[in-house]
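Q: One letter stands for each residue in the lines below.
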Amino acid sequence: MKVVYPHMGHMWICVKAMLEYLDVEVVVPPPSSKKTLLLGVKHAPEFACMPLKLNLGNFMEAAEMGADTIVMAGGCGPCRFGYYAHVEHAILRDLGYRYQLVVLEPPQKHIGELLGKIKHITGHQSWRRVINGIRFGYHKAEAVDQLEKMSHYCRPRETRAGATDRALQSALREIIAVDRPEKLPAALNNAMGMMNAVSLDKQRPVLRIGLVGEIYTLLEPFSNLDIERKLGGMGVEVDRSIYLSEWINEHLFMGLKKNKGGSKLAKQKAIKYLGHSVGGHGLETVGSTVLYAERGYDGVIQLLPFTCMPEIVAQSILPRVSTELGIPVMTLIVDEQSGEAGLVTRLEAFVDLLARRKQTGKVLA
Amino acid sequence: MYGYLGIDVGSVSTNIVLTGEDGTVKHSIYLRTRGRPIEVVQQGLKQMQAALPGKIKVAGVGTTGSGRHLAGVIIGADIIKNEITTHAVAASNVVPGVQTILEIGGQDSKIIILRNGVVADFAMNTVCAAGTGSFLDQQASRLNIQIEDFGSLALQAAVPVRIAGRCAVFAESDMIHKQQMGYNVPDILAGLCEALVRNYLNNVGKGKEILPPVVFQGGVAANVGMKAAFEKALGFSVHVPLYYNVMGALGAAMLAREATNRKSTGFRGFDVADREFKAGGFACDGCPNICEVVEILESGQVIACWGDRCGRWSNALAHHEKIS
Ligand code: SF4
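Here the protein sequences line up with chains A and B, keeping their order.
With the working numbering applied, the first sequence closes on residue 415, and no number is skipped along the way.
With the working numbering applied, the second sequence closes on residue 325, and no number is skipped along the way.
What the hints contain is simulated information worked out from the structure, not anything from laboratory work.
Since no wrong hints were added, every one of them can be taken at face value.
Calculated pairs, DSBU-like style, for lysine-lysine (alpha carbon to alpha carbon, straight line, at most 30 Å):
| hint | chain 1 | residue 1 | chain 2 | residue 2 |
| --- | --- | --- | --- | --- |
| 1 | B | K264 | A | K408 |
| 2 | A | K66 | A | K314 |
| 3 | A | K199 | A | K408 |
| 4 | B | K209 | A | K408 |
Model, not experiment: these values are computed from the prediction.
Turn these sequences into a full structure, and let the hints guide you.
A: As structure tokens, then:
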């Protein structure tokens, strides 16, 4: 059995760690690229959203590398993501691929349901080992998140263009290389050292923008045209409303690990504007925008793939949040048609005017 | 005396303005780009130099438009900003508190929504609303009237004819039909303006909340018939600024003035008009993204490049041009 799972930012690092710890052979597809997207676009229904198309491309590229089993998260509720695994599997079957499918669904009642699925992939491993494996993967996710957060701080302040990106790449390599849980803390220390070595201009004034929206688009840099790096290069410190470890904790572990930031607060904040769940991360998008306004951020950018229903609901509510709380919000919708130049133009315009707004401390005169 | 240059290199036209320290326009130049942006910028600089009184010293330069990076590198711009920002800055200076900018040029249409002085949203032409300016030109010449008279004639209309303006092809055939039915020219012209405004609001301004004050700019803003049609459709008055035609270049000059405040300019002097520049490019095969990388060469030396997703080429250049 050679297992493949779709790309979503750096998720591959922690899933790989978990599965390899459990002696499962893993195929990591090449990073999502134009080629991945073209493959997906060609074979997916046109009105499916970009994540589905990229997943499909990932699976097709991985098949060439010998993958034969797909492991994917599922979901429930009004968002289409819940049946993506099955749709993708059906499309692949029609194309002649022979993939086995394992869907990791958020457990309805008990974490045991999830463990059972994982045990199915890992065969005869002991429960104890399976749990250790999951914990290992989770800790890697936390490490990666921490490094990414450091990069968000460094990028707008770096004194040499590209220094943060280079440091982050080597820091991540440290984490990727770890094959045993006990070695992780030392590697993380090393990696953080690399990030701390980036030379910074701490006096430089920076803007702060919060990124909210649909999780895949937030986490996968290919799908959002590398928005974090682009904004960083424009002198913006970004904060993402969802990090991978938080999502795993909430979505798959039923919030087993407490005090993990997470979306609870955001959901409470959303109530004033949107009283009930609309699936996906619609509630969190509204709530996080409120939180960013309260924390004095300069602006918020909402990211979503074209046709994403929960986010469209949120989008229609954000203008009210924006006016009431006085925080500028811009929505960016991505799909395979989005041109890079158009996106950059919009980002630049938004950032420029936030900067002007901050400088003058009032409306443009 | 100090002056600031703003250069707007678009796909159709290239505008250069020089403002004084107080932001007033001293001189402006309009050229057709004709697919040769480098030459046009150089030519424009020569004309500007010739037109300037000798005592003006350029203290800052800004570029904008689709050719902004190119022009910025060649000329040594202090700021390189996109058209949304420059148009918004220029309009907010002319009409403080502006909340909506309608911009219709020869080929491009866009709408910019400002809230609290910040661009909150914007859209650029969908296929159908592109070329509104050239379409008006065409129809004027078909009806045998000067484009300059178009607007004032339209204002004389008693009852504007309803023209199907969903797209230029329908609009044209419907106009011909209405002419044959015997409607008079002013009524037809006014009807055409209303059709184009409807088309713009439905296609470009789709779903956006248009609040006053509204600034109408771009070449088509010269047409008083279009202005009147916007006012009729929106229900409030629309402001056309004095330099409606060069707002991008004006905004770039204003931003250049801000950027060089207490700093020296990167302007490389008017003699860049005589140097030899070339734009080249290649498709990188470093990874499956196959980026199209653009290079600018001065006397055979690469002086700038962009278009790479990973920074492999642009970061490698010794003096890193910050593209923003
Ligand atoms: S420039 Fe970078 S991202 Fe683009 S094709 Fe080359 S290696 Fe890939």
